[in-house]
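Each chain, written out:
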Amino acid sequence: MKRGVLLPVLIQDPAVAGETEARSIVHPVVVKDSAGFNEGPACRRVAMVDLDFHTGKLRPSAKFDPRGTPYRDIATYKVAIPTKRGTRSMPWSRGSAKGTDVGELGSLPLDDTFMKVSVFGTVLRTIGLVQDPAVLGREIEWAFSGQQLLVVPRAAEMDNAFYHRESRSLQFYYGGSLHGSTIFSGLSQDIVAHETAHAIIDGIAPDLYDAISPESLAIHEGLADLTAALLSMRNRELTHKPGQRTSTKEFLQSSRFSRIAEEFGRWRGHGDALRDVCNTRTMDPYAADESRVDQTSPHSLSEVLSGLLFVVFKALFSAAPRDASVKRKVNRENSSNFEAIRYRLAYACNRTLGLAYRGLDWLPRGDASFADLIEAMIAADQEFFPNDPRVRKVLRKEARLRGISLTKTKQLFRKLQVPSDEPTLRTFLEAHRKDFDIPSDAEVTITVRKMHIYQPPLTPFSTSESFDLKPNMSKFTSEKTEHNLIKFTWLQKESNDLEGWGTKRRYRSGATVVANMSGAVQTVLQLQHTPMTMSLRSGFLQKMLNGESATLQIGPDGVPLQRGLRANLVNETLSITGAMQALHVVGEFE
Amino acid sequence: MTALTIVAYNVLFGDAILICVPDNNGRKSVMRHVLIDVGNVLGGPESNAHVFRSVVDDLNRRLDGRPIDLYVMTHEHMDHVQGLLCAQQDGQELPQIDHAWLTASASKNYYEQFPEAKKQRALHLAAYDRVHRIALQRGLVGVAPVRAFLDNNNPRRTGDCVAFLRQVARKKTTYVHSGFKPVPGETHPFSQATFSIWAPEEDTSSYYGRMRPVMQKKRGTRLTAPEGVDQEAFAALVEFSRSGLGDEMLAIDRAANNTSIVFTIEWHGWRLLFCGDAELRSWRTMEKQGQLRPVHFIKVGHHASHNGTPGEDILEQILPLQRPDSRLRTALVSTCKDTYNGVPDDKTLDKLRHRVDKLVQTTETGVGEAVEITFE
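Residue numbers (this note's numbering), protein chains in the order written: chain A, 1 to 590; chain B, 1 to 376.
Here chain B stands alone, though its shape is the one from the complex:
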């Protein structure tokens, strides 16, 4: 019981990560467990139950009757939240969970406390509905990346999963943000490992970017330029107003990604960074708040998309080329090809390879199986 092990499951496009942490409470040595997320997105729960079955079976085998000490739900996207509910609905027995940390904005009364975030959230929900309607109109819902986007951001399905996760812990559920200081014995049971929360900000309103609404084409109507208006200029304007559907989808996706809990576990001199799907806005905020520190391990954000990994200036602060110590560095990429365009992004992977000793991908193993990384 001397090594910390990270077990990352291949759940197709999503995250399911178990961390087995040797701990000592002064009286005896124990192995404690942190479970992060469990979810995926590829056509909804029906077609993916088999993946979660394997994951939950493996969890139960490894836990051998012990509970998950801490469950972390990084953010409210189906590829991070749907697994446990889906497995339970499939008739599987889930392991017991003692403590749960959910991203701050998942709290039931969160939006009553943060009115600006509430407004932004309402705009994004309306945008989701509009994008859905346009996707239907344009016959795009069958296109895999569009379907993945719609499933992943579906507020009703996500809401069901989050409601389930709010009550999954038998001891305490905590809604976590960057000002939160984890107290051993109160919000987690670890004695030796320490946690530090880098993100998100409690008020998530700053994570919402601008969304230019895409114009819906009304069936059977053709817009003609009003009298006195240049026809060519009008056509260019209408073309612009109907474009940008992809940008709007990504803006909706980005807002939730940026609410990801980003945290480190420090154990026996190792600093391990788990960043959910945090995107650039979140990384920039972390930088501004002076949160960034060199780490030995990074769970690469957003499945190694080009926009989930920060630029070289921020990477240099967490994986500096001039290393502060001689410990090995590892990056974990939990990803699946052909779900979203350009994910994983080859250039991002190259950027990471340049700074770490080992880059491990969940695709190196079979679906439902896991890759392991150990730290001694």
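If we strip away everything but chain A, and leave its shape as in the complex, we get:
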């Protein structure tokens, strides 16, 4: 069995491909996994299921071609890329100057195999990007049971695409047309990366899925957009213009890299794109109209977070030439202007995504705000890069500019030792319940996970794209880098001002303790709940609960409706689950 596959991945929305100067709109990616790959495509972590929701038929799988490449251990799938100039085969050469320009994509029949191979490749690339030793450095677990995420590349006609936890799937829909071609959300790299990021984020911070605070749901959106934008920076075919010096301007301003889902956005009347991570959006209520966001809308709010992190990316990209690891790499390889820029891009993307995803990893469980996430990012960055405060400075400054108030991280356990086994931890917790502001009657769930604090390799070995689905961390970690990530979570009650929905409501809160293996506490993080976060919850719930009922709603067919949002009123206390699903699958609220 061959352990790796070479996948052709579409990197530019078809309708806007003709407007861009790029060497090719298809990017070759090599993915490896010890368990190998199957027809479908399918592998241990991801499987394409080309199920037509209209007819209930499964479209044929993409056939595996073990001898499709000249490389040892690297197979491929039998695909033909439909272009406007006829069918092309994969640009097999991975050499930077030898790729085949496939020009613009031609119209795709619904049973073509290229789309499913391309979507598969983008999903794996997104996973690889986050799992990279430079970013999270571990294999991500899904939020559902089982190891495999299913992906439906063209489920049916609808203007939507979403991650759905209960069916363990990403679902991409299609409809409408631009320039005479049907718009497939699965052909948008941004949309596929964005939805994959939702699945990844759900695996890391599953409580955000059922949060009732708009900022918690916006964390999902903001990080998913950032991931999509930074993935597009990794497309060598887009960053390299044939016969020209690559300019850095495009990476620092609003451009095809920072704009999310151009084709889909144009179709749905959102101007140039659905959203743009290069923005000046702020939560400051006194800011100018064009910068202010609707704080009860997770999608609108998310631009504050993605915009803030994009500023961090830009600062890192500008500073990269001065970084020793980038300098060393560029000099040693005697790189061209284009290759040097690719190293800078990889460095800035890795550092930014590392900051974001490590923060998410350390974020206490529950209804977190942007301030909570930024505190977690700063805390993790401090431990991973103790001698490099630049990013933390930019983050603090940008948070202030965007109306996010940071509070000081609690230092109360700095001198304490924490146990690592659950029974002793519970005794520890009971002794410190008040310090954590845990209500006396709240039941606390404790989780402990081993993790490593190490020096991430920010500059990649080479600029070609080849990665293993299980990152090899042996070079970076050892017993010395091992730590415990301890999380406490409980249900918190607050008064409920939504008329007709009881007097109290519940949401989840939590705290994180990071300790070394001898039990010495290094960091304590705790979710902060302020009158502002409470009022934003009210505004959001007001919108979400319009037309909802506390009792299970039954459809005309006698089956409970799928609306997503589940409101439950017991003893005048309101509990809500499924807000994330309601926002995405139904999408009636925004």
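Honestly, the hints are just simulated from the structure, not real lab data.
These figures come from a predicted structure and were not determined experimentally.
Do not rely on the hints blindly, as some may be mistaken.
Claimed, not checked - Here are the computed lysine-lysine pairs in the PhoX-like style, where the Cα-Cα straight-line distance is at most 20 Å:
1) B:LYS171 / B:LYS181
2) A:LYS314 / A:LYS393
3) B:LYS347 / A:LYS504
4) A:LYS475 / A:LYS32
5) B:LYS288 / A:LYS543
6) B:LYS347 / A:LYS543
7) B:LYS217 / A:LYS57
8) A:LYS63 / A:LYS78
9) B:LYS171 / B:LYS108
10) A:LYS475 / A:LYS450
To be verified - Computed far set for chain B versus chain A, every beta-carbon distance over 10 Å:
11) LEU63
12) VAL168
13) TRP267
Claimed, not checked - Chain A stretches covered by chain B per the calculated footprint, using a threshold of three residues with CB under 8 Å from any CB of chain B:
14) 33-43
15) 49-55
16) 156-166
17) 535-546
18) 555-561
Cβ atoms here follow ideal geometry from the backbone N, Cα and C, with glycine treated the same way.
Could you slot chain B onto chain A? The hints should help.
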């Protein structure tokens, strides 16, 4: 002839409302009449002709040979449109109608002017056919709420009724939307009462929500997971793809409801609001457009379902707890139990009772008979 009277008929599940408005054209006092809708849904026209017979008889008695001055068809659902055609086919003589207002999208060439709405409409028609097929496959067409849904949204039957209503007015038929300014003498004959149109938007494409198509199970086939795909995950995906039939039915129903004409009549200081079956999207659009005003009367939307009456934030703008004047407030609910699940919705009725002095329901009277509300 000093009181304005609203006459709301019990037509089972549907609307049939007559408004008798005293008017004075400067020379003499007259009683003018506005008729809203007339339709119902419970198994199609055959079984409901008797209801419309009583309604049309009562209309003719009250009009005593005078015409309906203005007929308003709020939206294209059988429970709002089928009555007049049904009564005529049953051999009844209908009253004369001078002016008619039909919702903008009922115009014959509407979809040629609004291509996005045309696309959405086509998707919804296809969805209706698919839902119908699935309901047949699953043996659901006999279930009362499913049957009511299928009848109510049946595009062919509705099309016949709307075609009839397009030519029912002897003077002028106008296709109405929120930008429409009613001109006395041209689109209605009223001198003292004034009309204001709050909804729908002329381009109705924004009223169509997302519909996730429900997968049809092919007879005798069992989907098995392809090689290399987790069986359990695949089963969960197939289960999801086959679920949501009820949601799809409601999405189809909602799209037409949201095209309802929502209008007020202002007369001698009273402001009376008639909102067809407008649902949340329409209410939100009205709010955004700054249309909402405090009213003294509301014809509760969508038969008092949980999704036809807006949330407290919007209700506060039309029925504020801090009242702007001391006039009585009334809500009218035209409804019928056991047609759709949870309609009328008790919580919605309680919400309304909290804001009005009187809540009148058509179920308070016998089938074919009417309840009356007067304003002096």
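Consistency of the hints with the structure:
no.	hint	result
1	B:LYS171 / B:LYS181	18 Å, holds
2	A:LYS314 / A:LYS393	14 Å, holds
3	B:LYS347 / A:LYS504	19 Å, holds
4	A:LYS475 / A:LYS32	18 Å, holds
5	B:LYS288 / A:LYS543	14 Å, holds
6	B:LYS347 / A:LYS543	17 Å, holds
7	B:LYS217 / A:LYS57	9 Å, holds
8	A:LYS63 / A:LYS78	5 Å, holds
9	B:LYS171 / B:LYS108	18 Å, holds
10	A:LYS475 / A:LYS450	17 Å, holds
11	LEU63	37 Å, holds
12	VAL168	31 Å, holds
13	TRP267	31 Å, holds
14	33-43	holds (count 5)
15	49-55	holds (count 5)
16	156-166	holds (count 7)
17	535-546	holds (count 3)
18	555-561	holds (count 7)
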